[in-house]
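Asker: So the sequences go chain by chain: F and Z. At position 80 of the first sequence (counting the first as 1) the number is 80 in my numbering, and the numbers step up by one without a gap. At position 8 of the second sequence (counting the first as 1) the number is 114 in my numbering, and the numbers step up by one without a gap.
If you're looking for bench data, these hints aren't it; they were derived computationally from the structure. In this text the structure is predicted, and so the values were computed from the model without any measurement. Any given hint might turn out to be false.
These stretches of chain F come out as covered by chain Z in the derived footprint (C-beta under 8 Å, 3 or more residues) [as the list claims (entries may be wrong)]:
id, region
1, 21 to 33
2, 42 to 56
3, 61 to 67
4, 73 to 79
A partial selection of chain F residues facing chain Z, derived with a Cβ cut-off under 10 Å [claimed, not checked]:
id, residue
5, G82
6, Y83
7, E87
FRET-style restraints, in silico, Cβ to Cβ [unchecked claim]:
id, chain 1, residue 1, chain 2, residue 2, range
8, F, H61, Z, T401, 39 to 49 Å
9, F, E70, Z, T197, 34 to 44 Å
10, Z, R320, F, S84, 48 to 58 Å
11, Z, E284, F, S84, 55 to 65 Å
12, Z, A281, F, A57, 56 to 66 Å
13, Z, P463, F, D85, 15 to 25 Å
14, F, S84, Z, K348, 43 to 53 Å
Just so you know, even glycine gets a beta-carbon here, dropped at the ideal spot from N, CA and C.
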Amino acid sequence: MTGKLTLAALSLLAGTAHAADPAAVDARNLAANCTPCHSADAPEPNAIPRIAGLPAAKILHRLQAFRNGEAPATVMHQIVRGYSDQELALIANHLAIPAMPASDKR
Amino acid sequence: MNRRRFLSRLGLAATIPAASLLGACSSPPRRGAPHVVVVGGGYGGATTAKYLRMWSAGGIEVTLIERAARFISCPMSNLVLAGLRNIDELTADYERLRTRWGVRIVLDEVSHVDVSRRELRLARNGAIGFDRVVLAPGVDFLAEEVTGLAGNFERIPHAWKAGPQTELLRRQIEAMPEGGVFALHVPKSPYRCPPGPYERACLVAQYLRARKPRAKLLLLDANSEIQSKKALFAASFAGPYKDIIEYRPDSTLLSVDARTLSAELEFDRIRADVLNVVPPMRAGRLADALGVPLTNGRWIDVDWRTMAVRGLPGIHAIGDAVLAAPGMPKSGHIANQQAKLAAAAIMELLAGRTPNPVPTLLNTCYSFVDDRNAIHVATVHRYDAAQGTVLPVAGAGGLSSSASEEEGRYAEAWARNIRADMLA
Numbered sequence: 001m002t003g004k005l006t007l008a009a010l011s012l013l014a015g016t017a018h019a020a021d022p023a024a025v026d027a028r029n030l031a032a033n034c035t036p037c038h039s040a041d042a043p044e045p046n047a048i049p050r051i052a053g054l055p056a057a058k059i060l061h062r063l064q065a066f067r068n069g070e071a072p073a074t075v076m077h078q079i080v081r082g083y084s085d086q087e088l089a090l091i092a093n094h095l096a097i098p099a100m101p102a103s104d105k106r
Numbered sequence: 107m108n109r110r111r112f113l114s115r116l117g118l119a120a121t122i123p124a125a126s127l128l129g130a131c132s133s134p135p136r137r138g139a140p141h142v143v144v145v146g147g148g149y150g151g152a153t154t155a156k157y158l159r160m161w162s163a164g165g166i167e168v169t170l171i172e173r174a175a176r177f178i179s180c181p182m183s184n185l186v187l188a189g190l191r192n193i194d195e196l197t198a199d200y201e202r203l204r205t206r207w208g209v210r211i212v213l214d215e216v217s218h219v220d221v222s223r224r225e226l227r228l229a230r231n232g233a234i235g236f237d238r239v240v241l242a243p244g245v246d247f248l249a250e251e252v253t254g255l256a257g258n259f260e261r262i263p264h265a266w267k268a269g270p271q272t273e274l275l276r277r278q279i280e281a282m283p284e285g286g287v288f289a290l291h292v293p294k295s296p297y298r299c300p301p302g303p304y305e306r307a308c309l310v311a312q313y314l315r316a317r318k319p320r321a322k323l324l325l326l327d328a329n330s331e332i333q334s335k336k337a338l339f340a341a342s343f344a345g346p347y348k349d350i351i352e353y354r355p356d357s358t359l360l361s362v363d364a365r366t367l368s369a370e371l372e373f374d375r376i377r378a379d380v381l382n383v384v385p386p387m388r389a390g391r392l393a394d395a396l397g398v399p400l401t402n403g404r405w406i407d408v409d410w411r412t413m414a415v416r417g418l419p420g421i422h423a424i425g426d427a428v429l430a431a432p433g434m435p436k437s438g439h440i441a442n443q444q445a446k447l448a449a450a451a452i453m454e455l456l457a458g459r460t461p462n463p464v465p466t467l468l469n470t471c472y473s474f475v476d477d478r479n480a481i482h483v484a485t486v487h488r489y490d491a492a493q494g495t496v497l498p499v500a501g502a503g504g505l506s507s508s509a510s511e512e513e514g515r516y517a518e519a520w521a522r523n524i525r526a527d528m529l530a
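Excised from the complex, chain F in its bound form (with noise of 0.2 Å):
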């Protein structure tokens, strides 16, 4: 669809309340890099960590401590380069969100 839907389309469309907040939209799609690997509906046990509804500065902590080398990793230390300060926060903060509900909706 090229044109417009109206404001309040726009914002039911936007789904979310947050989705329409550009720094939110940038979190989110941040840290949906990191949900193949760490998703909220991950199976447990799971050998990989489950970050979803941890808080944020716990996230943001282990992030740093990767990127510093003052974590073990086979991997995240590599990942972590790839994003700056600014966005290990965002996604720190995105991820902390607490999951949806697993509930079937219908």
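Since the structure of chain F is already known, use the hints to place chain Z on it.
Answerer: Just chain Z now, kept in the frame of chain F:
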């Protein structure tokens, strides 16, 4: 399509507030909500469908068109060849996409894409309109590029799309005689899953060593070197599999004989007991329905900010069918990332906003070198406005230092988790 036409097609006056339509009801088709059709239910397509529904909180109607009722994962399918997994463990259905996320699943095949009318024609279910469409058709094989290969995939399996072909090749490997020869041909890049053939060589070699004394594995590579995780695979070929795997670079396959299982290469002739040819490949043939030229006649060229097909507004393409950006592999993981890039861009475009100008993608790819030990390659990719493409982020990413059991556990978890990310 503009809003007026969009609404008039629904038989509604343009004065009705769109908001009242969007909130109408929750069972598809929800008249008034924008409708995105995703074609192809692999790692890319299924992820797009889920994320469009999840991120829009149901505000976008999503239809997923897929030929097969069940998803079968290519990643991990080399383990089936070595007898380490059952194909059922790699198989899943689309039920959660439907029940949890409200994706409309249509088991059908697209026969035609009408770009100007924004309509897909299906083989069995008539036509379906869309506001935007995401094509995720994967790859099709160019068997005709190897003389004698076309029509002979039962005798000379590719096993490069998981399913019956995987099980067929497994049976052939099991039936190999002692001292037999397994020949595996790697096509010229780009092809789906760059490390896949080398992982296959390792896993089959480990099986042969245990079960088929004196058997050999000829790894015939059309490329001049190992295409992914080179040093790590080379260490396995020269180490544990030294007496089994013979790696021959620059071995372009010219012809095969399905009766004798012999193969003519550019500089050589071989005969095998099991001949496994990964054929040259191209974008799934659905790409031909777009009426735009494919790059090198094979791949769909996209705008990396939106995954929109160049020259076709409203049409997006993702996954292995897309002309890869520099340093970007054709992997399930990258398809997952392109899916989210496309979903995010489509939401912004439908809302009349500008999509993220610097999308970032992450690739992490594990390969097993035996039944327990795995290796990885990771890369971060970011849009570069000056170059107009996505480029690997300098200083980020890397390889395993060596194969490890720890990474073997991560590789297993990766496979389960990425499936949950797309289908749960």
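Asker: The structure should be examined with respect to each hint, and the outcome stated for every one.
Answerer: Results for each hint:
With 7 residues carrying a beta carbon less than 8 Å from a beta carbon of chain Z, the region 21 to 33 of chain F meets the three-residue requirement, and the given coverage holds. Counting residues of the region 42 to 56 of chain F whose beta carbon lies closer than 8 Å to any beta carbon of chain Z gives 5, which reaches the threshold of three, so the coverage claim holds. Coverage of a stretch by a chain is defined here by at least three residues with a beta carbon nearer than 8 Å to that chain's beta carbons; for the region 61 to 67 of chain F and chain Z the count is 0, and the condition is violated. Only residues whose beta carbon comes within less than 8 Å of a beta carbon in chain Z count, and the region 73 to 79 of chain F has 4; three or more means the coverage holds.
Hint status for G82(F): holds, given a least beta-carbon distance of 3 Å to chain Z, under 10 Å. Annotation: interface hint on Y83(F) holds; nearest CB of chain Z at approximately 7 Å, less than 10 Å. Taking 10 Å as the C-beta cut-off, the interface hint given for E87(F) holds, the closest approach to chain Z being about 8 Å. Taking 39 to 49 Å as the suggested C-beta distance range, the pair H61(F) and T401(Z) conforms, at roughly 44 Å.
Restraint check, E70(F) to T197(Z): a C-beta distance of roughly 41 Å satisfies the suggested window 34 to 44 Å. As the Cβ distance of R320(Z) to S84(F) is approximately 56 Å, the hint placing it in 48 to 58 Å holds. Between E284(Z) and S84(F) the CB atoms are about 58 Å apart, so this pair conforms to the stated range of 55 to 65 Å. Taking the beta carbon of each, A281(Z) and A57(F) are about 58 Å apart, inside 56 to 66 Å as hinted.
The given range of 15 to 25 Å is respected by P463(Z) and D85(F), whose C-beta atoms sit roughly 20 Å from each other. Distance hint for S84(F) and K348(Z): a CB-CB separation of about 45 Å, consistent with the stated range 43 to 53 Å.
Taken one by one, the earlier hints fail for this structure only at number 3.
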